[in-house]
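S.K.: Both chains are given apart, each in its own frame, so use the hints to dock them into the complex.
Chains as they are written, first to last, in my numbering: chain A, 1 to 167; chain B, 168 to 283.
Be a bit skeptical, because a hint or two may be false.
Claimed, not checked - Straight-line Cα separation of at most 30 Å, DSS-like style, residue types lysine-lysine; simulated pairs: (1) A:Lys92 / B:Lys264; (2) A:Lys93 / B:Lys238; (3) A:Lys107 / B:Lys253; (4) A:Lys93 / B:Lys253; (5) A:Lys82 / B:Lys238; (6) B:Lys264 / A:Lys50; (7) A:Lys50 / B:Lys253; (8) B:Lys238 / A:Lys23; (9) B:Lys169 / A:Lys80; (10) B:Lys253 / A:Lys28; (11) B:Lys238 / A:Lys50; (12) B:Lys169 / A:Lys122; (13) B:Lys169 / A:Lys92; (14) A:Lys157 / B:Lys238; (15) B:Lys169 / A:Lys82; (16) A:Lys82 / B:Lys253; (17) B:Lys264 / A:Lys82; (18) A:Lys92 / A:Lys122; (19) B:Lys169 / A:Lys23; (20) A:Lys80 / A:Lys23; (21) B:Lys169 / A:Lys28; (22) A:Lys157 / B:Lys264; (23) A:Lys157 / A:Lys80; (24) A:Lys122 / B:Lys253; (25) B:Lys238 / A:Lys92; (26) B:Lys169 / A:Lys93; (27) B:Lys264 / A:Lys107.
Keep in mind that the hints were calculated from the coordinates and are not lab data.
So the chains spell out like this:
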Amino acid sequence: MKRLYIILVLIAMSLEAFAQDGKTLYNKYSDLEGVEAVYISPAMFRLIGKLPEVEVGDGEIDIASAINSMRGFYLLHVEKEKIASDLYADVKKRLDREDFELLMEAKDNGETVRLYTAGDEKIVRTFIMLAREPGETTFISIDGEMSREELETMIAKAAAKDSQELF
Amino acid sequence: MKSLDEITRLSAEDLERIGADESIPIPENLAARVYSTVSGRSRRVILGSIAAAVAVVLAGGFILSRQPSPKDTFDDPYLAYAAVEKALAMVEGKVSKSIDKVQQASAPIEKVYYWK
Chain A
1 MKRLYIILVL
11 IAMSLEAFAQ
21 DGKTLYNKYS
31 DLEGVEAVYI
41 SPAMFRLIGK
51 LPEVEVGDGE
61 IDIASAINSM
71 RGFYLLHVEK
81 EKIASDLYAD
91 VKKRLDREDF
101 ELLMEAKDNG
111 ETVRLYTAGD
121 EKIVRTFIML
131 AREPGETTFI
141 SIDGEMSREE
151 LETMIAKAAA
161 KDSQELF
Chain B
168 MKSLDEITRL
178 SAEDLERIGA
188 DESIPIPENL
198 AARVYSTVSG
208 RSRRVILGSI
218 AAAVAVVLAG
228 GFILSRQPSP
238 KDTFDDPYLA
248 YAAVEKALAM
258 VEGKVSKSID
268 KVQQASAPIE
278 KVYYWK
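Just chain B, same shape as in the assembly (with noise of 0.2 Å):
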């Protein structure tokens, strides 16, 4: 039997010749071995790459979790409390400035509507 290195060394030819050459017994159940070792291969693979990916997730997640918690901007509660009725005026304001927006946009229509 040929070794690994000598096989590497062969030329195209070579190998072309040797497949042709009917003489030379194929060894029984081939097929049946390299595909059995190929798909043990792959399954080795697939479950490492799923292993892998478990631990990306869990280690993810932890690192995620473990995020520390902010600091409170204030020691007091009534200024807690100002700061966020500041807050809710600011979102009130945008509110109100889009339904002024729309309002101004209907008016013109309702003028043409009571001129009629």
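Looking at chain A on its own, in the form it has when it is part of the complex (with noise of 0.2 Å):
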């Protein structure tokens, strides 16, 4: 009996974990008051894919590449802390359930910035962000057959622009 109660309490860890995807925590979120909301649809994406060429950003990084490999794509920015933080649980507990590699953490003046990646060595199929400082919370997921190298150097070239400029 008691193993019968440890798998039901298993199945229901196991639903609520999949409960936390993007789809549904932007249902849950989405229409609160205090919230930033933004999604879009895979039908969008198609949409957005057959745009004649658009000047995007300065050029030097292939930001339009990536876009065209998006499937999805949900932002929540919530400054009202109560739900920042319920918001806050409940994508860390789907990161922490689902097979999520970090991919870079930075913690500064009470901010913390997280980049998240699921998927293989080669494609990353769902991309996620985390920001959290006191009293608000961004979060960005992004789904999609995105590659790997290019999204690692895409982050990387923002990187290095932004370094340049700095020194």
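M.R.: Structure representation (structure tokens):
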């Protein structure tokens, strides 16, 4: 009987983990007051892919190619402490239970930024940015079939570009 | 044979005395019959619980899979593109900020190295 209870608890936990995907989190928080939310569907990404060439940024970083490989985009930005901490806890639950790899973590003046990826050696299927500072949480989740090499090169280029501007 | 009511009204001493009375015959295969009744019941409980657990999983999976898809924030693909670009710029900003921190932290070390 005890074993059954354990199995039931594990099932409930796995269902809860499944319930923390981008769509569920977006549905849970997007309508709350004080939440800024952006969702871009796979259909819209297909439309974006058909747009004639648009000028993106300064042309040094190939964002267009990354955007073309995206299939879903969720952004939640909260500036109400209670909702911000709930969102942060829900995202952390997902990150702790699923096969996410921490790509980068930065802490500065009470702000913590973490970048995570899920996928395999070549393809990133989900990219997450979770930023937390007092009273504020920003969550970005991007689903797609992004080339890991392209994504990492893009991040490295972005970092290199900004550090050149600094020095 | 005593009824169930009569048995429940017996005191502990009475039960002990009856238990010690060897003249009362014990039905054959009593232990096996009790065991099979109990194990049959617990098997039913286990099977019932497994069925309930499977039902919970299926119902949970069904409910979660029926989550409504959110509505697109933008109708215009150009605006959607701009929003993604803005979000990526935010990620870029956060990344570069942390790289700056690393470079600022390593700068004094380089100075010490060249001074030597």
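S.K.: Failing hints, ascending?
M.R.: 6, 9, 12, 13, 14, 15, 19, 21, 23 and 26
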